[in-house]
Each structure stands twice: as C-alpha cells, then as structure tokens.
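Trainee: Quick one: dock chain against chain with the hints and give me the complex.
Quick mapping for you: the protein sequence lines, in order, are chains Y and V.
Under the working numbering, the first sequence has 146 at position 146, and the numbering climbs by one with no breaks.
Under the working numbering, the second sequence has 117 at position 117, and the numbering climbs by one with no breaks.
Read the hints as simulated data drawn from the structure, not as lab findings.
Hints may contain errors.
[As the list claims (entries may be wrong)] No farther apart than 30 Å at their CA atoms in a straight line, the calculated lysine-lysine pairs in the DSBU-like style are these:
(1) K58(Y) <-> K37(Y)
(2) K194(V) <-> K113(V)
(3) K194(V) <-> K68(V)
(4) K49(V) <-> K213(Y)
(5) K5(Y) <-> K113(V)
(6) K149(Y) <-> K14(V)
(7) K158(Y) <-> K58(Y)
(8) K131(Y) <-> K141(Y)
(9) K131(Y) <-> K250(V)
(10) K279(V) <-> K149(Y)
(11) K194(V) <-> K141(Y)
(12) K101(Y) <-> K113(V)
(13) K194(V) <-> K158(Y)
(14) K141(Y) <-> K49(V)
(15) K49(V) <-> K131(Y)
(16) K131(Y) <-> K113(V)
(17) K141(Y) <-> K279(V)
(18) K141(Y) <-> K158(Y)
(19) K47(Y) <-> K37(Y)
(20) K49(V) <-> K68(V)
(21) K200(Y) <-> K213(Y)
(22) K200(Y) <-> K14(V)
(23) K250(V) <-> K158(Y)
(24) K158(Y) <-> K49(V)
(25) K49(V) <-> K250(V)
(26) K149(Y) <-> K131(Y)
(27) K101(Y) <-> K37(Y)
(28) K55(V) <-> K68(V)
(29) K194(V) <-> K5(Y)
(30) K101(Y) <-> K5(Y)
(31) K101(Y) <-> K279(V)
(32) K213(Y) <-> K250(V)
[Unchecked claim] According to the in silico footprint, chain Y covers these stretches of chain V (three or more CB under 8 Å from chain Y):
(33) 77-90
(34) 153-167
(35) 180-188
(36) 265-273
Where is the CB? At the ideal position from N, CA and C, for every residue including glycine.
One-letter residues, chain by chain:
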Amino acid sequence: MKRNKGMIIAFLAPAVSIFAIVFLYPIIRTIIMSFFKIDGITDPVSKWQFTGLANFIKLANTSLFRTSMWNLFRIWLIGGVIVMSLALLFAVIITSGIRLKSFFRAVIYLPNIVSAVALATMWLQYVYSPKFGLLKTVFSKLGLTALSKVQWLDNDHKFMALLLAYCFGMVGYHMLIFASGIERISSDYFEAATLDGADKLNQFRYITMPLLKGVFRTNITMWSVTSVGFFVWSQLFSTVTADTQTITPMVYMYMQIFGAGNSVTERNSGLGAAIGVLLSVCVVAIFWLCNHLLRDDDLEF
Amino acid sequence: MAREKKYREAVNWKKELRLFPGYLILLIWISFTFVLLGWVLLASFSTTKEIFSNKLLASGLHFENYVKAWINSDVAGIFRNSLVYSIIACSLLIVICAPAAYVLSRFIFPGNKLIQTGFVSAMGVPVVMIVLPLFGIVANLGILNHVLSNGMLLIFLYIGINIPYTTIFLMTFFGNLSRAFEEAAAIDGCPPTKTFWLIMLPMAQPGIITVTIFNFINIWNEYFISLIFANSDQLRPIAVGLYSMINSMKYTGDWAGMFAAVVIVFLPTFILYIFLSEKIIAGVTGGGVKG
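With the rest of the complex left out, here is chain V (with noise of 0.2 Å):
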C-alpha cells in the first residue's frame, strides 16, 4: 500500500516538473490579476495621503471612505438603480423567452428557422445599428422627459437586447429534455400550456439559472445604452453613474473614494463569480455562444 502511493508520488513530480513552465506563465498573469485587485481593495481602505506616498494602510482601515461613497457621491442610488434594473429585466427575461425557446425547439412550424437565424444573427449587430431609430421613436414620443416612463424604456430596452442570447441560450436546455415527460402529461390530460408552466419550466432550471447570471452581469455591467437613454441623474445606472462620479472625482482629489466607489461596482458580479464561477464557466462554452 505504501509503496503504491509513493511510486504515485514519484511519477506525479516528474509530470509536475515537465509542467513547471506552464504553472510559472500562469502564475506571472494571476498574480497580476490578484495585485491589481488587490491593491485598488487596500487603496479603498486608505486616505488618499497614503496612496499617493505608497503607504496603504499606514494609519489603518478607513471605512469612511465607503461611507463617503455610498452617502456624499450616491453610489447607493446608482447601485438601487442597478438592482431594480437588473432584477425586474432578468425575470421578465425567463417569462419572455423560456415559452419561446421552449416552442422553437419542440415544435416544427413554418417560420421557426427564421426566428431562429434573426436571433443569432442579431448577437452580432453592432448597438449602433439599432439606437438611431430607437432614439427617433423615443423622443416623440416624449418618453425621455418622464422618470417613470424612462426608467420602464430603460428595462424594455435591457430585456430586449438580451432576448436572442437568452432564448437561443434556453433552446439547448429544452432540446435536451425528454420528451416521455410531455407524452406522460399529455395521457394524464395535462394541457400543452399547462405542461410547460409546471413541467418543462422546472425541469430546465439550471439552464434558467445560468443564463440569467449571464443576463445579470450583462445589465450590471451595461454601459452604452444607459448612456444614451438614461435621461436623468436619478435614473443612472451603476456604469454610467461611476464614470461620471469618476470624472468629478479627479478634480476633487478623492482618489481614496473613487477606489471604494469602483470595489462598490465591482463587489455584485464578483461576489457571484466566486460563488458560481463554475457554472458560469460552463456556461460560456456550454449553451450557445455569449454575444
């Protein structure tokens, strides 16, 4: 037994070695990644003094820096708009494409390759092939000069740029399925509609799952759009409302704030990664193609 495991060993350290080179390049680039982040956290937590004499934390952690992010330069409001965003967007998300992925993948029906086709091929059309008339149509109808009004385009406008990734991205996760569990419903006297709903939709979770991660980190992290149709201060979203918090930032000289204002931004989609990064791996080459 123990001679066994050490003739493992053996062989394990001769492979390692023969990898060594493989490990030292991968080490160099994550060790860059980790300084980087790392340094931009600890810089969060210290006064602009030090960071610009290369001292963190050389009088402790300054969580007023936080404080004064979150309250004076309202990181909460563009962080609350965010999440309104983003939660009401990806679960209209699921209610919108999970029926349609789930019929364009079942059912033969004329017309069925061309929606699909108009969906991929939309995930690689330039933004700037759609805003001009979105722009035109939104304007007359003077949708821009209300909140509420805009902050509801905003969402429409998120739900649907993402609409082909996410329904082509559902479409495999149906495709999979059985289809013994529609056959057995159908017998029982389940309904088609009523099938889906309760049967196929539960069944495809981890799909759903999956892509509205995606979906969240897309919205989170969505910057042109906003830009152009987020009308208002007030309705800002987090990347519009951080590069503009940036910009004022510089000429105040609060480089402290700006660091915790941009470990604010960033804190959401990386907390998710270190919890799902695993399933969000799988994902990228997994279920369709990111856009």
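The shape of chain Y in the complex, shown without the other chains (with noise of 0.2 Å):
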C-alpha cells in the first residue's frame, strides 16, 4: 500500500479539496455565523457581534418566518403524504405485470428532468390560466360551472396549486425507488401466500409492505431533503416579494440577505445563517427518527 501513497494523495486532492472548499469550510462558517449578529455579508470576522441565540430568538418572533416554515411543513407533511401514496400505487401497478412497463415507467418519470422553472410556467400559465387554462376548460366541458369559474391562483387556492403542480413533478422520482425496492422482493413470498389463499390485497399488506420499510425511509429521507430546499416552485408562484401563501424558508432568507425586497427591515446574515442550520436541523431529526421508527434490522430477505 505504501507504494500507491502518492497515487492516493495526487487522487484525492482535487476532489477533497473543492469538497472542502464548497461544503465543508462553508457549512462550519454558516454554524458560527448563526449565533452572531452581522451587518454585511461581507464583513470580515472582527465585525462581527456574538449574540448567542438571539437569531433564533428573533426568527421564531417574525410572523412572516413563522408563516414560511408552516408553509414548508404543510408542503413536506401533505405534500409527502400525496407524493408517497401516488408513487406506491404506480409503483404497485408497473411491477404487476403490465404491458408497456418501460413505456410507462418513463413517462411517469419525464416530469423530473424538465426544468423547474419551465415546469412551473406551464402549470401558471396554462393548467391554472383563468383565460384558457386546462381545468377551466374541461370544467366547463364538464358542465362543471362553479369549477370551472374557480381563480386558481387567488390567495385561497395558490398554495394548494402549487402543492398540486409540485407533487405532479416529485411522484416519478419516488415511483421509481419503491419500484425496485418491490422488484427485489422474491417472488417465492407471493407465491407461498397465493398458495396458502392470501389475496393480493393481505398481500400487499402483510408481505410487500413490512418488506418495504427500508425503501419508505428512503424515499421519506430523500423528499425531506428536496422539500427542505423547496424554493423555484414558491418564487414562481408568487408575482410579489413577500407572499404569504407561497413563502418558505429559502425564500424568506433570499429576501433577507440578496433581496431588495421591501420586506426587509434590517440586514443580518447571521439569521440567514440561522434559518440555514435550522433547516439542517429539520433535516437531522427527520433521519434520525425515520432511522429509529422504521428499523428493517429484525427483517432478512
């Protein structure tokens, strides 16, 4: 090993050296830069005031804040609960045996490579359009009047547009992993079970599902981790700055450190620093429980 000392270094080095250039000077810097208080972004270290955790202090008293993370928490939480639900079911019904597998496979994932923002335009600007949208118009092909004459995109019904044209693009990327997570189960459980009289529903409740619990903590890992960053969708939903509806957590630290948003009052990088590691947080906890509620450690197959 000691001969290929030098081919590991000259190996690694640019690799390790970026990685700790983007992530991991920056993520140390951000911790710290939480608990001060910092005028410029700029500013160098001795410009900066320790405040403790007078960031997090002032971030849970700002009701616009307060909004963002309840927004983050209804997108994660039924957002999660829509995406999950709808990409088990594709998931069930590509692996049953269908024809056209791989046709269907990709279509339903093709929403994941577009680009957000042009993914979004679409919806705003032609599902939800009040002029020729899609819905107005098969509402009112429908017969559907009240339906039809829906506003979209008023303040009552933006966040659950947005929730809806979200998840359409997040169900592909999720079918996809509970779809090989089923193909790995053996086939010989079912059969078993066909045997024994069990009828594909008590299948799939009592063998695919208990076999899953690896797959689940995965996909819950991975939408939390995207959900977390949630911040085109939100942006191009709302046509101004502070928009209640739509706000999340990324979009409220722009606002407060790029922005020049009339909503801000002060500029303080270290509470964007803050939101940052309170996301981080979220992120953390979200792992650590999906690690100790769906342990798949008694479960060999």
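Mentor: So, in structure tokens, the structure goes:
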C-alpha cells in the first residue's frame, strides 16, 4: 500500500479540496455565523457581534418566518402523503406485470428531468390560467360551471395549486425507488402466499409493506431533503415579493440577504445562517426519526 | 402450434382484464402529462390571439415565435451559457471524481471511510448552509465584478456541488470491476496510475455516461446557485434567464413567445431523455441515491 501512497493523495486531492472549499468550510462557518449579528455579508470576523441565540429567538418572533416554516411543514406533510401514496400506487401497478411497463415508467418519470422553471410555467400559464387554462376548459366541458370559474391562483387556492403542481413533478422519482424495492422482493413469498389462499390486498399488506420499510426510509429522507430546499416553485408562484401563501424559509432567507424586497427591515447575515442551521436540524431530526421508527434490522430477505 | 398460441392468448386476456384498473390509472396520469406538454408545444407554434381563443394552430405553424424568442429575447444567449457551463463542468467532474472514486473504492487507507461519510452527508445538506460564506469570500475577492472570473466561478460551483454525488455514484462502478485487470497490468509492469487512466477508466464507461447525463440535467436545471452568483445578465444560465424572460413576457403579453421559450428550455433534457430514458431510470435506482 505504501507504494500507492502518492497515487492515493494525487487522485483524492482535487475532489477533497474542492469539497472542503464548497461544503466543509462554508458549513462550519454558517454554523458559527448563526450565533452572531453580522451587518454585511462581506464583513470580516472582527466586526461580528456575538449574540448567542438572539438570531434564533428573533426568527421565532418573526411572523413572516413562522408562516414560511408552516408552509414548508404543510408542503412536507401534505405533499409527502400525496406523493408517497401516488408513487407507491404507480410502483405497484408498474410491477404487477403490465404491458408497456418501461413506456409507462418513462413517461411518469419524465417531469423530473424538465427544468422546474419550465414545468412551473406550464402549470401557471396553462393549467391554472383563468382564460384558456386546462382546468377551466375541462370543468366547463363537464358542465361544472362553479369549478370552472375558480381562480386557482388567487390567495385562497394558490397554496393548493402550488402543492399539486409540485407533487406532479415529484411522483416519478419516488415511484422508481418504490418499484425497484418491490422488484427486489423474491416472488417466492407471493407464490407461497397465493398457495395459502391470501388475496392480492392481503399480500400487499402483509408481505410488500413490511419488506418495503427500508425503501420508505430512503424515500422519506429524500423527500425531506428536497422539500427543505423548496425555492423555485415558490418564487414562480408569487408575483409579489412577500407572498404569505407560498413563502418558504429559503425564499425568506433569499429576501433577507440578497433580495431588494420591500419587506427587509434590517440586514443581518446571521439570521440567514440561522435559517440554514434550523433547516439542517430538521433534516437531521427526520433522518434520525426514520432510522429509529422504520428499523428493518429484524427482517432478512 | 396454433392451438398453443391460442391458449397463451386466452390466458393473457384474462390477465389483462385483471390489470385493467391499473392500466386505467396509469393512462389517466400519462394522458395528463401528454396534454400538458403537447398543449404547450402546440401553443408555441400558435399566435397569442389563438391561445386566448382556444383555437391552437388555427392559422398554421408560426415558427416566428421561436425566431423571436431565440433572437429578440436572447434565448440564444442563455442557451449558449448553459451549454458551455454544463459541458465544461460535466467533463471536469469526471476528471476530478473518477480518480477519487477509484481510490476510495480500491484502497484501504486512514480517512477513507471519513471522506465517504462526508460525501454522503453532503448530499443531504441544504444549499442555504453553504451560500452565505461562499458569497462572502467571492464578494471580498471581487470575483463578481469581472465577467470572465464570474463565469469561471459558476462552473467551479457547479462542479463543487456535484462532486459528492458523482464520486459516490462512480465508486459503485469501480467497486464492481474485477481486480484481475490491475493484477495483470502490474505483472506486465504498468504503473498503477497508468493502469487507472488506460484500463480502469475506460471500463467504467457505462457508469461515467450515466453520471454525466445526471450531472448535465442537474446543471442545466440548476437555479438557486446561479440566481445568487451570476452577477450580470450576460452570464445567466437558462433557468434564471427563462425566469426573468417569463416575467417580462407577461407584461408584453407575448404568450406564444413565452411558450416557445419554455419549449426551447426543456428540449435539450427532453431529447436526451427520449434516447436515454432506460439508462437514466436504471441510474436513479441502480448506482447510489441521487441527492
């Protein structure tokens, strides 16, 4: 191994040093920054004022930030339930031996490769359009006049509209993870269960679901990681800077630090850092919970 | 022979009938997808007036929407930017990550596990955790004031944020290659570094192609980093450029042009997907988990 020492260092050096610059150093600095009051983002450390937990307390007392956390929570929970149910349903259908399996799978995954800006624009300007929108056309064709007159993008409906559009784009990815998990389960189990007289529903409930625990864990973790970075969709759905219906912590942070929005009262990079730390804590907490609640160590297959 | 065939078909029909609800659900979902994409495509060839009166393509194909979007709204510029960023960043990512992935998957040395854990954790780190200090450094160094250095910075960041995923993905590929190749090369007197570049790297080609497709899609669609770090209009990548274009087109009322711009933006990843969807889908679930 000694002979290879030089090679190991030379091969690792570029990747590890870029990783240190882009991830390691910024993460540590962000954690430290969250405990300081920092007027300008470019200020040297000597100008930082240590304020302890003041940034976090201030965030907790800012109603706009609380709204943004509440929105994020709703996106995570409601969106998560919708996406996971649809993804699991599609995965079960896809793996049930249908024809054109790869075609269906490819089309369902398709929205994931389209730029979020383009996808959100299609929803905003076409599906939800009050003039020529898909929903309006379909509902008026069906004679549901009341539904066809709904303004999907007004303040009462905007959040649901945003959530639906976002979920549509996310289902494919989670479906693929579920489907590969289901395909890994040996068909012996199902054959044995069929011989014993278990119907499809019971097989799903007592074989598929328990064996998919690990896959659920992966899916929930990935869903949480993507949800925390919720930004583009929110920005596209709000035409005004501080739209309480769709604001998320990332958007709030962006407005605070980089935005020229009217809602900025004071510039404090420490607040932005505190938001980052809070979101990371959420991700770690969900990860920890998933690992403890969805243990599959006792199952061997 | 003929009887056997008939018998098989009969079984199939029974099976298909049982699967009917499944087909129905999938058909509803994918028809929606097709209506969504198809309508936008047709709208991009119509006039704004036709879009509003729901009579798409009533006066034939209007290619001028594309010409207008490409030249007047300068989709050409943001398209070129994104293409340059993606191609340079994707190539460098392989040059940087493939050696690292090879070493991490092949050799036992102190820190190996630590680096792997670091890379895997980084895939779950929210971007908010890294942008503030990075912006501080970059602004202090004056990098954002020059077009060239700003452009290089964007490429550097695209590379940086994709390093953990690319490395972890390639590790599984190198891990699956047999050690016999290196042993044979060593016996023939080939130094390990040369063995990697000439023998092992070409053998990991399927993995390299898959990960490059993912990196390309990621960089092409990247939004947040570009929004913060692209300081001038001429550096904007496609996602950010499209966003501001859509905002301005809403005011000029050029819906047809806007849909044309949307089509131009999603076309490159879409075409890639048509040809490589099997590879992409296998990559999502096969080699590591995408962050």
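Trainee: Does each hint fit the structure? Answer for all of them.
Mentor: Hints, one by one, checked against the model:
1. K58(Y) <-> K37(Y): 11 Å, holds
2. K194(V) <-> K113(V): 25 Å, holds
3. K194(V) <-> K68(V): Violated, because 51 Å separates the two Cα atoms, which is more than 30 Å.
4. K49(V) <-> K213(Y): Violated, at roughly 53 Å.
5. K5(Y) <-> K113(V): Holds, at roughly 16 Å.
6. K149(Y) <-> K14(V): 44 Å, violated
7. K158(Y) <-> K58(Y): Distance ~28 Å between K158(Y) and K58(Y) Cα, so the pair holds.
8. K131(Y) <-> K141(Y): At roughly 14 Å apart (the allowed maximum being 30 Å), K141(Y) and K131(Y) satisfy the hint.
9. K131(Y) <-> K250(V): 14 Å, holds
10. K279(V) <-> K149(Y): Roughly 43 Å separates the two Cα atoms, so the pair is violated.
11. K194(V) <-> K141(Y): 68 Å, violated
12. K101(Y) <-> K113(V): Distance ~39 Å between K101(Y) and K113(V) Cα, so the pair is violated.
13. K194(V) <-> K158(Y): 58 Å, violated
14. K141(Y) <-> K49(V): 21 Å, holds
15. K49(V) <-> K131(Y): Cα-Cα ~12 Å, so holds.
16. K131(Y) <-> K113(V): With Cα atoms ~57 Å apart, K131(Y) and K113(V) exceed 30 Å; violated.
17. K141(Y) <-> K279(V): Violated: K141(Y) and K279(V) sit about 40 Å apart, past 30 Å.
18. K141(Y) <-> K158(Y): 23 Å, holds
19. K47(Y) <-> K37(Y): The hint holds at about 9 Å.
20. K49(V) <-> K68(V): 16 Å, holds
21. K200(Y) <-> K213(Y): 19 Å, holds
22. K200(Y) <-> K14(V): The given pair, whose Cα atoms are some 16 Å apart, holds under the 30 Å limit.
23. K250(V) <-> K158(Y): Holds, because 18 Å separates the two Cα atoms, which is no more than 30 Å.
24. K158(Y) <-> K49(V): 26 Å, holds
25. K49(V) <-> K250(V): 14 Å, holds
26. K149(Y) <-> K131(Y): 10 Å, holds
27. K101(Y) <-> K37(Y): Violated, because 56 Å separates the two Cα atoms, which is more than 30 Å.
28. K55(V) <-> K68(V): This hinted pair holds, its Cα atoms lying about 21 Å apart.
29. K194(V) <-> K5(Y): Holds, because 15 Å separates the two Cα atoms, which is no more than 30 Å.
30. K101(Y) <-> K5(Y): 48 Å, violated
31. K101(Y) <-> K279(V): Measuring from Cα to Cα gives roughly 15 Å; hence the hint holds.
32. K213(Y) <-> K250(V): 46 Å, violated
33. 77-90: Check failed, 0 qualifying residues.
34. 153-167: holds (count 8)
35. 180-188: violated (count 0)
36. 265-273: holds (count 6)
The structure does not agree with the numbered hints 3, 4, 6, 10, 11, 12, 13, 16, 17, 27, 30, 32, 33, 35 stated previously, though it agrees with the rest.
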